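K.L.:
Protein chains in written order, with the numbering used here: chain R, 1 to 567; chain B, 1001 to 1603.
Quick caveat, the hints were computed from the structure, so don't treat them as lab data. Just so it is clear, the structure is predicted and the values come from calculations on it, not from any experiment. Ideal Cβ positions, reconstructed from N, Cα and C, are used throughout, including at glycine. One thing to keep in mind: the hints can contain errors.
Some, not all, of what chain B presents toward chain R, calculated at C-beta under 7 angstroms [claimed, not checked]:
{"id": "1", "residue": "A1089"}
{"id": "2", "residue": "Y1146"}
{"id": "3", "residue": "A1148"}
{"id": "4", "residue": "A1295"}
{"id": "5", "residue": "V1306"}
{"id": "6", "residue": "H1472"}
{"id": "7", "residue": "A1541"}
Which bits of chain B does chain R cover? Going by a derived footprint, with three or more residues having C-beta under 8 angstroms, they are [claimed, not checked]:
{"id": "8", "region": "1116-1127"}
{"id": "9", "region": "1244-1255"}
Every beta carbon over 12 angstroms from chain B, so not counted as near; a handful from chain R, in silico [as the list claims (entries may be wrong)]:
{"id": "10", "residue": "T24"}
{"id": "11", "residue": "D464"}
{"id": "12", "residue": "H537"}
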Amino acid sequence: MKPVERRLMRELPLLRRHLTYSTTLSVVGAGLVVAQAVLLATVLADGFAGRPLRVGPLAALGAVMALRALLTWARGVLAQRAAADVKRTLRDRITDRLRHTGALRLAASRHGETATLLTRGLDALDPYVVGYLPTMAATAVVPLTVVGWLAWTDWTSALIVVVTLPLIPVFGALVGMHTARRTARQWGLLARLGGHFLDVVAGLPTLRAFGRERHQARVVGEMADAHRRATMRTLRVAFLSSFVLETVATLSVALVAVPVGLRLLHGEVDLRTALVVLFLAPEAYLPLRALGAAFHDSAEGIAVAERVFAVLGDEADAPAERTDHAPAPDARTAHLRLDGVTVHYPDRATPALRHASLSVHPGEHVALVGPSGAGKSTLLALLLGFVAPASGRVEVGDTGLGDLDIDAWRAQVAWVPQRPHLFAASVADNIRLGRPDASDAEVRAAARAASADGFIEELAEAYDTVLGEHGTGLSAGQRQRVALARAFLKDAPVLLLDEPTAHLDPESEAAVTRATVDLMRGRTAIVVAHRTSLLPHADRIVTVRAGSLAPTRPAPAPALTDGLVGS
Amino acid sequence: MTTHTQTATHASHTTSASRANAAAPTKAAAPSHTHSAAHTTNSAPTRLHTPHPTLRLLRHLLPYWRRLLPAALASAGSDLAAAALMATAAWLITRAAEQPPLASVSLAIVAVRALALGRGALRYADRLLGHDGVLRAVAGFRTRVYEALVPLAPAGTPAFRSGDLLTRLVDDVDAAQNLLLRVLIPTAAACAVAATATGLATALLPKTSVLLGLLLVVAGVLVPALVLTLSHHAGRAEKQSRAELAVLTVDLTQGAADLAAYGARGRVDERARSVSARIAALERRKALTTALASAVVLLLQGGATVGVTWLAVRAHADGALPATHLTVLAVLALVSFEALTPLPAAARQLAEVQSSARRLADVLDAPPPVADPPAPTPLPATGPLGVDITDLRVRHRPDGPPALDGVSLRVPPGRRVVLLGASGSGKSTLIAALMRFVPYEAGSIRVGGRELSDCAGADARAVITGMAQDAHVFHTTIRANLALARPDATEADLLDAARRARLLDWIASLPNGWDTLVGGDGATMSGGQRTRLLLARALLADPPVLVLDEPTEGLDPHTAAAVLTDILDATRGRTTLLVTHAHSGLTAADETVTLDRGRVVPN
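Here chain B stands alone, though its shape is the one from the complex (with noise of 0.2 angstroms):
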């Protein structure tokens, strides 16, 4: 777990670029190695009687089987076709060398025609049926990773405060495609052309299909499985050295001024050279293997061929054997193996499917941060509420140290109560433990007189709510975003919301207005307005506590002292916990508390 969290850090730099928008990474509510460590220890009892984590995916895409077998079914009727088409012709061939009348080559000549024209058919049939099947089942598995995440957002996996990590978890739901489309499929129909051959070699000629099952048996069974084992091995030194390569390009890039001034850049360009020329080494030792694999399989059906031959053409000199058995034999012994030609490259995929696999088993077993309780006290919804935190102790890992030890707190109702501290003083774990992200180990937080710990999380989110620190700006409308913390929220809360987080003149100067798309590759923002649109958000749901973790990270100065102004002056009247690490701008503040090293400092 540990170890692959860490390469994935460095392997998957190279998306961060393209899809930072998509998945900002976020500060860690909580160290990262939380998880990995709560996990390992949760964990490795139950993996002993577990599946393996490839079977494991393949059971969460069963239920598509009705999709999934036409195209397999699709796929080996295109192979067995082109097996059949050549056999065929080549009885024709023979029968026809024994002059016999027209009528008796007739059945074949239309044979060969039809299954000219099938195999086309079949082979269009199987890709559609095999991509619609395969999509339909990713599309199901997708809702299940979703719902498997639900209840570890934001704390439970690492994946929530990396976005290279969540990049990765995303690509690793597609492998689930190429496990079907590149694995399973080309498998399932290199096992009907072997079976049926082998089978046929027995109706013609027992004692050659000993030898064509055998070598096909090699050839699919024993040559995937090396090349799986070869892509295991050689993939790590490899995936090494590119991770390190990832990483030494961010320092000659990002870091390029930092080296210049310090005469480094040298020795760093030197490294990536010498990193450069051992992948080149890696990938120059795993082409001889590699390559040997499709020679090893001509090697076995040369043999075949041969073998078979001479076997046939042996029992035809005893006269075992009619002559038109005699070259369908050898013409199968040929084609067979053709169908197995993709299994190198399946078992190649199959080494990086088992990756992904290992990566979503860890996600799908993790276990939620916060559980609910079995009977839980309903909230009210409604009304000035207030937050009364006492004595309340917080630990990220059972055996870690505190981040919250022994805080206690009050923001009465329609107060606004500004926290502040350093980096790392526990303030965004506490508001975690507000919205019952992260679970609190002693201390109580009440909330219009019920302990937060008795109600269900949802229930304390419709109360508790507001900005968090990794608040997410979707790839949608200006509009749909906002519109999501309250959907039924009308016209005029929109406006008002926008005004009071002073973000309406800026929607006003976009061409599209409220319908511009923002996030992801849409309309870019700056720090100022993104950090506006996210406190209107936090405006327009209301709550009856608000919330707001942070909200001018990232801002300058001057920038962040006018937000934090008006984010007060918007507030006036409402619970409202602010938590910031600027000073300036909180003259309007009810009170101020600072936090320092997870403990609150008096006064």
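So that you can see chain R by itself, here it is in the shape it has in the complex (with noise of 0.2 angstroms):
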């Protein structure tokens, strides 16, 4: 067993259930396989006597193979409950580790393989919980029944059986460490050419561009062709392993059946104990050649667990759970404040945010300008909570940010991200993110304030329309306007908005802006903003370069700035 099968026997107490489950059914199998063979050969040796037909052991015959039937049943049953019961204390894990990371991180880091892993993936598991795992069972308990029965009615079959046997499992260890080897370097060249296809279809477009599509349709032949030759190669090899598996357990068969035949000649044995060793002497290899197919099978659900072991194990980023929370401050009365705050990236050599100070009144509009990179969407992370100070503090009120209760205080704050993720929902339940209780007429009226209304109604089914993957059909500037009407939903006395009018044309520009100015309206707002039109609706400009905040300088007057800061 690999490290990872143990680690999942040792923390899924329902696969090592499933694994004891299997044993006992295979007990029980492998007896009703012995059963089988003496009761048909005991009708059959009957019948060659001569003697009269009894029903008897006709009947236990039928009944045997029926309990056989049902005991296969049983079997499958468990077998892929044990998988979907596996497959679901594996999802749960993995979302609950998700809800304990960082939330940053989480967004930025590529976590399409987790998403994978939570879906598809894991169904990769199946062939090894139904499959692996009960012939792995199997293969301990009804081979050595078998050569215990054959061994008690002929002791010689049962040393043909017993030589042979090991045999299965010496060639397919030989021939699979050989085929890994081919097949390893294989690979690469076998994905390239599969992927070959997928890479040209994308790229038709750009062929027909070019009227290069008619020269491609050969090349796609071509390739298609070489991606044939390349795994031909591999699975002549790969295919040996199986045909020395086969050929192994057919002409073992071989080999017990004709000495029988000429002891029986001979008048050696009987024909009831000859059949029996004909009809037993297969299954004693069944499963050890069903154990190699399940293995190469169960290969990618090892892969697969190694990788949830990894997403889980990942404990870098759990943040301790507290109890001792303070009460968060009331924000609309609260003073905001950084004290000497730097923030360290953990894939980054400079620091984020360097011995930032900053304080805001309740009420006051701070204007946050600098490159981008220079730190500015760092800070408003800083004031979710989503990014913890190397040094320096955080301070809501008189408390530190770290030992407030972090969803109480977020719950005061709106934010909107510089790219709001819209949800695979309606409209309307993207609006009503932060309060889910909300009525149609206030999502009307958030939508209404954040100048969202009047493409929202234009939409095929209004506020009922169903936004796709990451809100297709939207613009950005629409998207933009969304998450403003979830802010304006939200009524937060605090604001936090990461370049809402960045990526607009200069239509949504106008329209966003205006939206946002109102929201502002009564609020602590900070601002980061790289156009000119939020500029003079500030009452303090910040300038973020390079992780330090420079000295601060009241806002100008509109009339003067328009047009050049930031140009």
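Reassemble the complex: the two chains are provided individually, in unrelated frames, and hints are given to aid placement.
P.N.:
Next comes the structure, spelled out in structure tokens:
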């Protein structure tokens, strides 16, 4: 057993239970196999001897075969249920893990792999749980039972089986090792050739643009052919293993059957014994042959389990659960204060913020300007508790942010990020994010305030339009306004806005600016503003450069700055 | 059509991350339902008399029967050898029990040994021939699908608007492989064994053949048919839940910050858990039925064995059946069912192949959005050409609103015109119409005095081309990525194009220079480098009319302005139409036109 398998067994009691059930069922199954062989041999030998047909053994044979069917059904049901439960448990553990991972890290890092893992990836465990584990249990039980019975019935045949049986794992391992090396070498080539078709199809518009589509049609055929040749090179070797296993197994049956026949010829055994040997011998090899195939199929499941544990085992950024939270102060009257704050991101050499200090009065509007990457977004993330300072303090009122009940604090903050995430739900539900119980009228009012009502009502099903992946169907400006509507609906006393007008065309920018200015009225607001249109509405402008806050200056009169700052 | 387009977007979330590079989702040059609407109206009447999609898929693979038949024969041979081995061994043993002279069983001894060796060899041949034949068939089918896709790119099928759909389309093509390897070949082998066993039973004791044949048919036809129905049925509910989980997972990861800031993380987490529980419940329920199939086959095997043995023993007691036949019949009943064991799995596979075949049929049936005229007018392919667009109207759907409504625009020879406009204003549609990717229903586009709709699409694109919005970086070297625009380009041409796109420094900084693999899982490029690569490719193509669609999409404002300035610099003196939504960096343009909701805004 590999370490991963051991960990699976250790951490999932239901998998251990599954193995126990499988073993028990295998024992019963082995008994039934022997009974079936003995009964069928008895009926046939009786018939051969010309004895009158007895219903008893034949009925018993029917009953045994029916029981085998029932057993197979039970084994299938139990195994597949175990697989479903294992996957569910792992899925829940991963979601749990995601929940306790830093929000920003999760959003920024490529978690596509985790998503794949949660949905289709875990299904790769099916062959392991449904196929491999029960087969392993059967391998431990069935050959032993069969050989035992054979030894008792006809020890010469048992001897032949005992000698040839180990050949299967030995040959299997030998061929397996050889093919593994060959396959590993071919893998890169196969992946590249296999991916070619997708690449060409994805590039078809480009090929047509340059009149190269006909030429590529030939290349598609050639690459597919190259892929076939490379695949066949690997398969010729890979299939050798199954060839060897099949041949050893069938040949062993011949090795058992022929001597028994010859001994019958000389009257050394009776027909019943000979038939029992014939029926039982293949059953001894069956689990071992199945194990080879099941082992192959389970390899991907093992790899998936490794990835699952890699995700689960990554405990580095799990925050310690705290219970001694201070109550969050009322944000309407509390100062926001940064005191000599330094922030380090693990993957960056220089700190994102360096000894930054800033104090914001209740109701004040502060604009942050500066080149991209200077640390403006980090400052907002600090105030949201998404990142913790390496040194220095972030305070709300007189309490450190780290001592607060962070959810109670976030409930008083509305955040509009640079690229808001729109969920695959209706527009209305997207706006309701912070207040799931808000009425339709309130949602509409918020959308109106964010000047989002116009385009929303033009959508196919207005507020009930379900947004696709990442809110496709909406332009960047429209998405920004949906996020602003979210903030309006939340009606929080503190606003953190991250470049709400970046990447917008002029018309959208004007609409978003109007909406943002309306939203800021009467609230404490910290706005990252690259463009000019929002700056006139700030009480104070703070320049962030390479992680440091430049001395702050009051915002000049709107008429002077329009069109100058930030260009 | 529409329904599975939707499920597809959800279900394939998962692959988007791994294959995003290979198939970057493209912004719609047409609204997303264009195709489905046009398609259903066109194909609904024809579908009545076209055969089942799976049969049509099969028809594409039939030309390869010469390769596939030996594989099927080897597979059947291997299964027959397994059954024959047991039957011959049974005969040998029974005959030996009658204690005849050795000579009368020696042939059987040889046969048992030969069958034992032959089984493995035939199985090996079956696998090799099968895979070789199937891979050949799939290679041919890929070319066929590719050719069907050519006139559809990029506006004729939704696949080109979503990387996920495209990935699934490619996977669907590979479903042909499963149809042959996992459905047809095992079925052929099972049929061969069942027929042979029934035939042999007829020869030995006719009344057993009725029972055996009947039970084999039930196990080989009815049980798989039942599995097929159940798979279709259970598949739907489960697929829906899985799609929901995929969406929730994206929300939980990519939307984690938004959720946390709005205190909604717990809520989504709770939903993910309940969906996960629902999937597990569905899987548990499915387990009851799928396990049933193999149990029923075993039950039928038991019935056949007991029944045939009973009949045979009675016939033997009556003196109507020799003893050797008695055991052979019993063993035959027992082993003939073993060839049927892969059939329930084949039925499950078939259920999946059927949905793939349906989706492929949609692509193969889709009408091309732009058809070439029967006698195309030739276009002058050299010299400075201008473009005159008058009153152009383009609709993505016959009943939809016009995407371009009476657009008139003149690009004089040698001039650089910048087309500005917000997203959705119709800029990309105009480029697509110029490149003959979408048809226009009214107005005219004249190039060098010829009406574009009278010319062949390929000729139009030889004159008007450049950087389309969904431009693709292929998984190959930088050199090959550029040279595809002009295969006969000299080294000097390449260098010149790269220099003008300001790409040369970056290429020089790479360890493998021009031979660096990009795209796919190749070296990663920044957005700016990618844009410059596509720009260099367009400059290398050097068409009489150069179109550049949103060359600064996804760049930060500073880089975007620099790239635009560079582009205008590099295209001085060429007929150029540059589409952008950016405003800075355009001072060098000869003319600027603004588009708004499908109309030109008067200056």
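K.L.:
State for each hint whether it applies.
P.N.:
We went through each hint and held it up to the structure:
Annotation: A1089 of chain B was flagged as interfacial toward chain R, and the flag holds, the nearest CB pair being 4 angstroms apart, inside 7 angstroms. Given hint, Y1146 of chain B at the interface with chain R, holds; its Cβ is 5 angstroms from that chain's nearest Cβ, closer than 7 angstroms. This hint is violated: A1148 of chain B has a C-beta 11 angstroms from the nearest C-beta of chain R, more than the 7 angstroms allowed. About 4 angstroms separates the beta-carbon of A1295 of chain B from the nearest beta-carbon of chain R, less than 7 angstroms, and the hint is met.
For V1306 of chain B, the shortest C-beta to C-beta distance to chain R is roughly 4 angstroms, which falls under 7 angstroms, so the interface hint holds. Look at H1472 of chain B: its Cβ gets to within about 4 angstroms of chain R, closer than 7 angstroms, so that hint holds up. Restraint check, A1541 of chain B versus chain R: the minimum CB separation of about 6 angstroms is within 7 angstroms; hint holds. For the region 1116-1127 of chain B, the proposed coverage by chain R is satisfied: 8 residues have a C-beta within less than 8 angstroms of a C-beta in that chain, meeting the threshold of three.
Residues of the region 1244-1255 of chain B with a Cβ under 8 angstroms from some Cβ of chain R number 10, which satisfies the need for three, so the listed coverage holds. No Cβ of chain B comes within 12 angstroms of the Cβ of T24 of chain R; the nearest lies about 17 angstroms off, and the non-interface call holds. No Cβ of chain B comes within 12 angstroms of the Cβ of D464 of chain R; the nearest lies about 15 angstroms off, and the non-interface call holds. Even its closest Cβ contact with chain B, about 21 angstroms, leaves H537 of chain R beyond 12 angstroms, as expected for a residue assigned away from the interface.
Going through the hint list in order, the structure does not satisfy hint 3, though it satisfies all others.
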